[in-house]
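Engineer: Sequence:
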Amino acid sequence: MDISIHDVTHENMEQILNLSVGKLQTSFIETTSQCLEEANACTFYKPVGLYSDNTLVGFAMYGFFPEEEVSGRLWLDRFLIDSKYQGQGFGTIMLNALIQKLVHDFSCTQIFLSVFEENQAALHLYEKFDFHFNGEFDVNNEKIMVKNISTLNGQQE
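Mapped onto my numbering, the consecutive letters of the sequence shown carry residue numbers -7 to 149.
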């Protein structure tokens, strides 16, 4: 299985806009259209498509916000797997690939995200990757989770 992460461009925009989550998940995450509008308004955000064997299976949006805290915060702000590909292990595969990319691209020591506690599927996935609640809430009253990154010989633990 060839996993890749690609920027959102004019070439893949229509496919990205057609991604959606299941009906019971729509209250937990914005549409890809809303995400792309936010990315256009805030240059810190980077929207990407998540691919398996050149097939678009998901979407993510991340960004480094230098004004947060003393040294800034790296946010994995959006993460979704299209409803057609859920239940096939892509959440785990793509989250792992994203974490590796973020650690490589940003040399970060922490990754932040926010989640509605009612979103048990997402919560379980994030906990599997050692994200934990830090006691904070974001502007939408979602609980903030953080993953601490430590390295041994350049490899993520």
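In case anyone wonders, no lab produced these hints; they're calculated from the structure.
Be careful, since some hints might not be right.
As the list claims (entries may be wrong) - Computed list of lysine-lysine pairs in BS3-like fashion (alpha-carbon distance at most 30 Å, straight line): (1) Lys76 - Lys93; (2) Lys76 - Lys38; (3) Lys135 - Lys120; (4) Lys76 - Lys15; (5) Lys93 - Lys38; (6) Lys15 - Lys135; (7) Lys38 - Lys135; (8) Lys135 - Lys93; (9) Lys120 - Lys38; (10) Lys120 - Lys15; (11) Lys76 - Lys120; (12) Lys38 - Lys15.
Note that the structure is predicted; figures quoted are calculated from it, not measured.
Engineer: Could you run down the list of hints and mark each one as holding or not?
Structural biologist: How the hints compare with the structure:
Between lysine 76 and lysine 93 the alpha-carbon distance is near 24 Å, which keeps this suggested pair within the 30 Å criterion. Pair hint lysine 76 plus lysine 38 holds up; C-alpha atoms about 24 Å apart against a cutoff of 30 Å. Of the supplied pair hints, the one linking lysine 135 and lysine 120 holds, its CA atoms being roughly 17 Å apart against a limit of 30 Å. Distance hint between lysine 76 and lysine 15 is fulfilled; the C-alpha atoms sit about 12 Å from each other, no more than 30 Å.
For the proposed pair lysine 93 and lysine 38, the alpha carbon gap of about 12 Å is at most 30 Å, so the pair holds. A C-alpha spacing of about 22 Å is found between lysine 15 and lysine 135, which places the hinted pair at or below 30 Å, so the restraint holds. Of the supplied pair hints, the one linking lysine 38 and lysine 135 holds, its CA atoms being roughly 22 Å apart against a limit of 30 Å. Taking the CA atoms of lysine 135 and lysine 93, the gap is near 24 Å; set against the 30 Å cutoff, the hint holds.
Annotation: proposed proximity of lysine 120 to lysine 38 holds, straight-line Cα distance about 24 Å (limit 30 Å). At roughly 24 Å between alpha-carbon atoms, lysine 120 and lysine 15 fall within 30 Å of each other, so this suggested pair holds. Under the criterion of a C-alpha separation no larger than 30 Å, the hint pairing lysine 76 with lysine 120 is consistent with the structure, at around 22 Å. With a CA separation close to 26 Å, the supplied pair lysine 38 and lysine 15 stays within the 30 Å bound.
Against the hints set out earlier in the document, no violation occurs for any number.
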